[in-house]
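Undergrad: Just so you know, the sequences run in chain order A and B.
Counting in the UniProt record's numbering, the first sequence runs from 1 upward without gaps.
Counting in the UniProt record's numbering, the second sequence runs from 1 upward without gaps.
The set of hints was computed from the structure by calculation and includes no laboratory data.
The hints are all genuine.
You can't tell identical chains apart in this list, so a pair holds if it fits in one copy or across any two.
Each computed EDC-like pair below joins lysine to aspartate or glutamate, with the alpha-carbon atoms no more than 16 Å apart:
| hint | residue 1 | residue 2 |
| --- | --- | --- |
| 1 | K219 | E33 |
| 2 | K341 | D311 |
| 3 | K48 | D92 |
| 4 | K81 | E351 |
| 5 | K280 | D311 |
| 6 | K323 | E333 |
2 protein chains.
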Amino acid sequence: MNSLKNITILIIMSVGGGCIAQPTPRPNVVSPEVHADNSVTFRFYAPKANDVKLNGQFEKAALTMTKDQQGVWSVKTSPIKPDMYPYSFSVDGVSVADPNNTAIFPNEGFQNSVVEVTGSTPLVHTLQNVPHGTVSYRYYQSPELGTRPVVIYTPQGYETNPKASYPVLYLLHGTTDTEETWTKVGRANIILDNLIAQGKAKPMIIVMPYGRAYPVISKSSGSLRNWDNLQEFKKDFFGNLMPFVEKNYRTINNKDNRAIAGFSGGGGTTMYFGFNNSDKFAYVCGFAPGMLKNEFDRNNEAAFKDPAKTDKNLKLLWIGVGKEDPLYTVNQEFMQVLDQKKIKYESLFTEGGHTWMNVKHYLSVVAPKLFK
Amino acid sequence: MNSLKNITILIIMSVGGGCIAQPTPRPNVVSPEVHADNSVTFRFYAPKANDVKLNGQFEKAALTMTKDQQGVWSVKTSPIKPDMYPYSFSVDGVSVADPNNTAIFPNEGFQNSVVEVTGSTPLVHTLQNVPHGTVSYRYYQSPELGTRPVVIYTPQGYETNPKASYPVLYLLHGTTDTEETWTKVGRANIILDNLIAQGKAKPMIIVMPYGRAYPVISKSSGSLRNWDNLQEFKKDFFGNLMPFVEKNYRTINNKDNRAIAGFSGGGGTTMYFGFNNSDKFAYVCGFAPGMLKNEFDRNNEAAFKDPAKTDKNLKLLWIGVGKEDPLYTVNQEFMQVLDQKKIKYESLFTEGGHTWMNVKHYLSVVAPKLFK
Chain A
1 MNSLKNITIL IIMSVGGGCI AQPTPRPNVV SPEVHADNSV TFRFYAPKAN
51 DVKLNGQFEK AALTMTKDQQ GVWSVKTSPI KPDMYPYSFS VDGVSVADPN
101 NTAIFPNEGF QNSVVEVTGS TPLVHTLQNV PHGTVSYRYY QSPELGTRPV
151 VIYTPQGYET NPKASYPVLY LLHGTTDTEE TWTKVGRANI ILDNLIAQGK
201 AKPMIIVMPY GRAYPVISKS SGSLRNWDNL QEFKKDFFGN LMPFVEKNYR
251 TINNKDNRAI AGFSGGGGTT MYFGFNNSDK FAYVCGFAPG MLKNEFDRNN
301 EAAFKDPAKT DKNLKLLWIG VGKEDPLYTV NQEFMQVLDQ KKIKYESLFT
351 EGGHTWMNVK HYLSVVAPKL FK
Chain B
1 MNSLKNITIL IIMSVGGGCI AQPTPRPNVV SPEVHADNSV TFRFYAPKAN
51 DVKLNGQFEK AALTMTKDQQ GVWSVKTSPI KPDMYPYSFS VDGVSVADPN
101 NTAIFPNEGF QNSVVEVTGS TPLVHTLQNV PHGTVSYRYY QSPELGTRPV
151 VIYTPQGYET NPKASYPVLY LLHGTTDTEE TWTKVGRANI ILDNLIAQGK
201 AKPMIIVMPY GRAYPVISKS SGSLRNWDNL QEFKKDFFGN LMPFVEKNYR
251 TINNKDNRAI AGFSGGGGTT MYFGFNNSDK FAYVCGFAPG MLKNEFDRNN
301 EAAFKDPAKT DKNLKLLWIG VGKEDPLYTV NQEFMQVLDQ KKIKYESLFT
351 EGGHTWMNVK HYLSVVAPKL FK
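Chain A with its partners taken away, still in its complex shape (with noise of 0.2 Å):
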């Protein structure tokens, strides 16, 4: 076997098989590579596309990429606060992921990548050498809906210590994401990992299910807290997820060890089934919830009929928001009526606007309030 033929195998093996050809040699192209300064260079191969630029959420404009000889367009960024950031590339108009990064962005609508500036610290969504927690791929019946697929946490020791019983955050996703973006962007098993191991979170189960009532309702419905997605969400939630969970896992049934929270439309789902059934949720945290104002009254009618009883039943009702956020202000309106009927709430008002990086940080403030 000639040194040729042996080269065309490799070729063949590394774009992974398949039966189309790829014969041009494609130059290595390593994206993104952070910079010890904190600095990105994102790359794309695209000898003949015209105008590439990059849509990163750690810049305000999308960046102009320029391209070399060899058809590989780069730019390399300032410094970047560390955290982290969604990006993608944009190729004469089209919105592409990297495809030199297996971090992907889990989501219905787009594509995009993820990257991570650690800078000279961890994060506390960083992976380190800590204990860490499993997250597992499980699926539940509905009868309604059929086969549906949630992504469960447990924390460290949940394997080891048959007899222990733990809380359950139920943990709701965006508008256009699935069951895997708050463990891939969200890195909610990760946070929890370090939380816990610095003291500071009390091991618990996290519950983080596909808030889509697909295929009942079809993907394209709107927002997650389009009122009919709601009610089919709700039937399976209240129906199957919850029995399924409390079956399958060493959970403590009451209300005092349940929390929900959820981001966006997710958000939103959570008011709803969590604010008004205070008797099951004490804990209730809306990171950027997806409300409008002319639903206040009809999305939160059980939680308002009492709401002495709802105040009391909580013990923490939770809302952070970026001051950037298109829902800045429908929050702040929600918590005008909050305060009319008396009913008490914890709020976070951050830089920014209606992002990952947002939300990361309320997961990290919020879990360390529950189940204590």
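Since chain A is already given, all that's left is putting chain B on it; use the hints.
TA: Showing chain B alone in chain A's frame:
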């Protein structure tokens, strides 16, 4: 709040937030759409592109797509043989995954999406309403390589039968794949769920590690069975991974209850790890294993030292390869060597090439042969 403002908020929420505005209203794109006759319509929104093609592993050649007035490119295929296929769009020469399909092919070198054409009866890899195992994402620690990811399948009943012990299949991915490729593209968990439910395979644990000895060996160091990578990963596999698995899972720890299998570069690794350690693995299965003839002697030194002993230790040596696979010839040459050395093996030569369609089939053929 007027309705226009609401629409703006909904759009921002539906693109997952972030500070990058996407002001142009995009048409609602469904892709892929599988029709009753097993034809599939693929769609891609790219109003400014000049040329968009579909590369699907169900076709020998790329299919031309045509653009409608809204800027959505589409193509409807002929009826496709039921299976699960990787595909991508070629947009003015740039290979892009399908942004409307969350089924992504986990890979370090390219981005494909995956479409399932089920047909009228469920396939062996089709998600069905049978008892499901658990797919766990775990981390283990390597002194040299740091915190390493591994995906572990435990069969249905593992959690509820705390005294039961199980045999273990170590299952290795192809060269540019990741620890997620065997479940997300190979559907190893679903295949085993179905075969176990049908009584065709024994309940087993499947361990799917990450096969690249990164960061010690660079991600661009050629095939997984690059010698330096093999040495580093071997240290990690036997020194860290197997002890982690056998400490944290209820495994049966002898050769007759251990199998190893792998695809492509991971098939080469399988041969090197398993065939040469027949005292530890009685089942060794190469799925289009990546090998070079001039490395036969070096890579199989231990196995060939005492061929009779190797043959006696092994309960199953299995090699499957497609007739159009570039590795077809070298695998035949390897079998000639096995014949000369009187080491028994089973072989399967299938139609098609170096594809995950073939690999899924190989797993479904091999799993019923294990641990019996």
